[in-house]
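2 protein chains.
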Amino acid sequence: MKAASLAALGENGLLDLLTGRWKTDRSRILTGVGDDCAVLRGDGKNHFLLFKTDAVVEDVHFTRKTTPALIGRKALARALSDIAAMGGRPVAAVITIGVPPDESVSRLRAIYTGLQTVAEKYGVNLVGGETTRARQLFLNVALLGECRDYRPVLRSGARGGDFLFVTGRLGATRARHHLVFEPRLTEGEWLARHKFASAMMDLSDGLGADLPRLARASGVGFEIDSKAIPRARGASLDAAVNDGEDYELLFTVPLSHVKTLKKKWPFAVPLHCMGVVRPRGKDSARPLFAYGFDHFQQRRGHAGLR
Amino acid sequence: MKAASLAALGENGLLDLLTGRWKTDRSRILTGVGDDCAVLRGDGKNHFLLFKTDAVVEDVHFTRKTTPALIGRKALARALSDIAAMGGRPVAAVITIGVPPDESVSRLRAIYTGLQTVAEKYGVNLVGGETTRARQLFLNVALLGECRDYRPVLRSGARGGDFLFVTGRLGATRARHHLVFEPRLTEGEWLARHKFASAMMDLSDGLGADLPRLARASGVGFEIDSKAIPRARGASLDAAVNDGEDYELLFTVPLSHVKTLKKKWPFAVPLHCMGVVRPRGKDSARPLFAYGFDHFQQRRGHAGLR
Chain A
1 MKAASLAALG ENGLLDLLTG RWKTDRSRIL TGVGDDCAVL RGDGKNHFLL
51 FKTDAVVEDV HFTRKTTPAL IGRKALARAL SDIAAMGGRP VAAVITIGVP
101 PDESVSRLRA IYTGLQTVAE KYGVNLVGGE TTRARQLFLN VALLGECRDY
151 RPVLRSGARG GDFLFVTGRL GATRARHHLV FEPRLTEGEW LARHKFASAM
201 MDLSDGLGAD LPRLARASGV GFEIDSKAIP RARGASLDAA VNDGEDYELL
251 FTVPLSHVKT LKKKWPFAVP LHCMGVVRPR GKDSARPLFA YGFDHFQQRR
301 GHAGLR
Chain B
1 MKAASLAALG ENGLLDLLTG RWKTDRSRIL TGVGDDCAVL RGDGKNHFLL
51 FKTDAVVEDV HFTRKTTPAL IGRKALARAL SDIAAMGGRP VAAVITIGVP
101 PDESVSRLRA IYTGLQTVAE KYGVNLVGGE TTRARQLFLN VALLGECRDY
151 RPVLRSGARG GDFLFVTGRL GATRARHHLV FEPRLTEGEW LARHKFASAM
201 MDLSDGLGAD LPRLARASGV GFEIDSKAIP RARGASLDAA VNDGEDYELL
251 FTVPLSHVKT LKKKWPFAVP LHCMGVVRPR GKDSARPLFA YGFDHFQQRR
301 GHAGLR
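Chains A and B are the protein sequences, given in the same order.
Per this note's numbering, residue 1 is the first one in the first sequence, and the count goes up by one each step.
Per this note's numbering, residue 1 is the first one in the second sequence, and the count goes up by one each step.
Rather than coming from a laboratory, the hints here were simulated on the basis of the structure.
C-beta: ideal position from N, C-alpha, C; glycine also.
Don't take every hint at face value.
Said to hold, decoys possible - Derived list of chain B stretches under chain A, where covered just means 3 residues or more per stretch with a C-beta under 8 Å from a C-beta of chain A:
1. 35–47
2. 109–116
3. 188–194
4. 210–216
5. 236–249
The shape of chain A in the complex, shown without the other chains (with noise of 0.2 Å):
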């Protein structure tokens, strides 16, 4: 095979390059590589555990000049926000870091402060830590969630019909909204437990650039109206589809279940209808958007932050 380059590849065709080829025991792995989080086959029917990976790294996704506990505090939040991408609760976390040898030891007290607290917020168990040296800092959680009694959402459930729903408001204009965002971990799970979503994932690289991942893993298409994508204050349509970093729940919901779902709706956080699934056909394969963030390519983002 010739040789590609990072840039040339993009994030997700690495990912594609390096885990193509795994293969897992289907009778215990309900999903692995592709979804927000990978899925396990608990005790019983009704039960799944949910694991995740994520890391955050000095000058990618925050700086020396980051206040050290909103550090922390990212590090496990994005990881909970792939837990709410599929309806589920955390349980429990361990974590890495890797810390150059001038490090200095207060910041990396405030660091795991903020880790605390919001792992204590979101009732996450911080069970295992380990330390290493490196040059750049970085953080590494591992997140072990679960669905006890009901199914997670999986990418894979959008149907043709279904209608495409957006948390929140895209394109925070708050620079700080990286560090700070709450994940929708009790929207993510009432929406599963009570079946509205057929699908659902988290926005962490912008609509432009997760809508295509969702359509791809259900093999359908979508008819968005962009004026009904609701934009943060002061957002552009093109930051709202672009920038990424909103951690909001984008899901799909049967018609048969788009009325009660607004009507019954118990959140503060808004809920919006941006468009509908269209069963793949011939103009469906199209992309949408041009674009949304990708690490090797490095089209976009809040300061080249992520």
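Since the structure of chain A is already known, use the hints to place chain B on it.
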């Protein structure tokens, strides 16, 4: 609090400082930070989940010259050794890779081939992958394991009068041992399932650094016969005690089980008794060995690699 440097704290001190205030839900979490893996109660009395995170970093755990497949191999095998140390079986792993923008795609593919080979050999489902940019290549492995129908072996179960055993031989002088070792999964599971081991851990930082951890966790002391420490061919006593990266199992056995253990041990890897456990007394607080490997103090290690 007076600011301390990383070198003054060392790895143990830093971990204590960062994780010392973590609290866990005791109804759900059997043991958190401080053992080889975290242990979560599963469903039913005799089902336990094991949860572990671990990273390998370029120029710390491997170099540019390391055969790429062995980098992936090592990353997963280290975490497997921690599952072995509880007597568990591996279930699923999720991988985070931090990648410099100029990294070669073919090297990454070879690393993942090594990872996959180990995963297939030991029945690990690879279920999640994340990529991020980083200046230095790193791989984080988060691993989920389990003990079904028996209890995991903790570090804290050693009692005065128990005998201290180790699998294999220490101080392996093959330069590649740290890349090609076999995690002692079968041996660990057998020891746990048949209740031979009262306490167990794997030797990653060397007997000199790891045995005091077992002693502290169990609240006991040890009396070792240095002549009884099984050395790899050509290894000095100093190397056997301090080099680390043996990835053998260190465990204690109640006197009543010693004879049966020796008689029934069904494995090719040798078994050696090195000493006895002493109840904590006036002498037992004294460290038995001067040192072992520490990431931040960098006292030892194969050419600085860990």
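Evaluation of the provided hints:
no.: 1; hint: 35–47; in the structure: holds (count 7)
no.: 2; hint: 109–116; in the structure: holds (count 3)
no.: 3; hint: 188–194; in the structure: violated (count 0)
no.: 4; hint: 210–216; in the structure: violated (count 0)
no.: 5; hint: 236–249; in the structure: violated (count 0)
Violation of the numbered hints given earlier is confined to hints 3, 4, 5; the remaining hints are satisfied by the structure.
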